[in-house]
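K.L.:
Here are the chains, one letter per residue:
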Amino acid sequence: MITRIVRDWIGRSNKTERLWLMAKIEFKLRYYENKLGLLWALIKPVSDIVIYYVAFEMIMKQGVPNFVSFLFIGLIMWNFFVESTTGTIQLLNTKKYLYEYTNMNKIEIYISTLLSNCIGFFFNFLMFTIYYHFIDKGVMAYSWTAFYFIPIFLNLLVMSLAFSLILSNIYIIAKDITQVWIVITGLGFWLSPILFRLEKFREALPGLDYINPISGIIINARNVLLYQQAPDWKLFFFGWVYAGILLAIGLFLLNKLGSKAAEKL
Amino acid sequence: MIEKNDTIYAIRARNVSKTFYVTEDSHNTVKQRLFNIFNSPKQKKVEALKPLTLDIEKGECIGLLGRNGCGKSTLIKVLAGVYPTDTGQLTINGSTMLMNLGVGMSHELTARENIYVSSSVLGLKIKEIDLLFDTIVDFAEIREFVDTKTKFFSSGMLARLGFSIAVNAGADVMFLDEIFAVGDMKFQEKAIKIFESSWIEGKTVILVSHSMEVIRNYCKRAAFMKNGELKFLGPVEEAIRMYTEDNH
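Taken in sequence, the protein lines are chains H and X.
All residue numbers in the first sequence are consecutive under the numbering used here, ending with 265.
All residue numbers in the second sequence are consecutive under the numbering used here, ending with 1248.
Hints in this document: simulated from the structure, not taken from any laboratory.
These figures come from a predicted structure and were not determined experimentally.
Do not rely on the hints blindly, as some may be mistaken.
To be verified - Stretch by stretch, here's where chain H covers chain X in the computed footprint (C-beta under 8 Å, at least three residues): (1) 1057 to 1066; (2) 1104 to 1111; (3) 1114 to 1123.
Where a beta carbon is used, it is the ideal one built from N, C-alpha and C, also for glycine.
Next up, chain X with everything else stripped away, as it sits in the complex:
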């Protein structure tokens, strides 16, 4: 159940959990479903997220640590309202945006169209996008390709465009999943510069990263996850210690 409320919290989660049922036999056609009404497919239960409770205040930057497959990506998709929760209550205050390789973009649209659609989805009005348009294009360094379909873009160009839209259009709550791990050195430097500018101030950010340095520099609190369980949420140094121990 997802609700929206005006509080000091950007996100409040109470006993939120997520389980995936992975079917071994694919019953995904009308025929298969009709012929197997009394023979339900074998399902494997994967507890991606065990019941957890957390509060994230508006304007906080929280780091999320954990080894691969520990449930970080599932957690941010649940908190962003992209995946529905199986149990508990989730309150999201405002628009959310998830960013890994890029924000949601269609490869059939041009960069210009993607900028307008994505920024509009993030809550901006057309006039506001008109004002931001040149900044987004220049930051992404795609001026010559602004009317080219993004399916012809390199992965680096896509990453730059996605990051530029995210940085300039933004959302109330932003989930940044390993954004420092993509792109070339110049792009990574640019991403770090953005984080070191005043951009991050006042924004609610949940930052997923394997880089201790990034978490240490930009986050006030950090969470540590293991096997789908939120083991710790508190001071950054303690979360880093737990994560480092888990890696040895």
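Here chain H stands alone, though its shape is the one from the complex:
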């Protein structure tokens, strides 16, 4: 199936333009139809940072150096994952108009939606970089290790696509998967090192950084951006294996259940 999609894309060159067109429209619909526009993409992580800073630094005094930067990068990556999964569970229903009348390949709908989320993410990442370099004190500037962020973010992207495919195809046969996923992501947030010092997290919940697929991605993003270290290679490869297996499951479900979306939804 993957080779057919790639061959199809190369053969019909308007597909790349179409993906970008759909991503731009999706992005516009999400952010430019309200007064604050793109600022909404930033308001969520900033308000979260304020809440968690008060709780974990001012009250509980965790003592994480540069806690705001530490939280900022963790939260924007987590929010990207949650938006790309929770926000796409009903994708086959809301975008039915795209495949109900033509034999368009459904995977394009997923990719364009993720692309639109990427635009929001890059805006947040830019804000993080500005904060980290110009406002936060006592930090080291990005070094060459920051280039490792590209494969780390790609890992997050593939993981999000995989979960998006799995969830939205389960939605065809089980509508309350939305509520189930909200519970799972709630658990995943607290059972990840987003808020906690890594040593304490590993001591209290050993092995969980391998069970929660997003943990390794966030740990490595901090390693390469905040601490100028190479990624934890074991977590890095584990993350890609996780993403590969989940993507295969997602594509299988798209083939099995997604092909019936037009008649079931």
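Put chain X on the given structure of chain H with help from the hints.
P.N.:
Positioned in the frame of chain H, the structure of chain X alone reads:
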């Protein structure tokens, strides 16, 4: 199983069938599915399309006749690749487009955005859409509302926009389901004029209509369906005779 091939055929179907299972108890939540693992829901089997074989050549215009509920809409959705087939093999050569009240449009998008998205889905590049844009807007007579969301459009405006995109952007194989039955008299006249122009020449069209006159005027072959079965595919007059007999 759907395959794509380069042949003289736009569509080749071999023993293609489609059955729907209509459940009486709705087991469509995780909870219901978990609590009813060993108690599968009662299902009613509806054979919407009995095994059929047909070939449609590129550039052909075929009429599809049959009474309501005989499986015409299911057949065109299967042939367009929108519904997967249960049995047999289907070969589609090129992009397909199904049109009844309109081509696929989002009510949350403006007419402009819908024109770009729909035309792009039908295979046009952005530069080609730029060139066609004014023609599509003028044909649909929606110039003043081009940046209005289509959810504020009347059904007539939607029908005009959908038809205009279909006519101008087109697809390799087009399924037109009762397009002469919607819109006001002016719109219907416009649709007929399009069919009488050279637009239809060289295009593969599957035309669903209850109008004998339309089928007679524009189709070279016609199919007659009854109870999900393809009873006949051949000369138009014979298909019309069978359909007329079935109505008496």
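K.L.:
For every hint, state whether the structure bears it out.
P.N.:
So, going through the hints one by one against the coordinates:
{"no.": "1", "hint": "1057 to 1066", "result": "violated (count 0)"}
{"no.": "2", "hint": "1104 to 1111", "result": "holds (count 5)"}
{"no.": "3", "hint": "1114 to 1123", "result": "holds (count 6)"}
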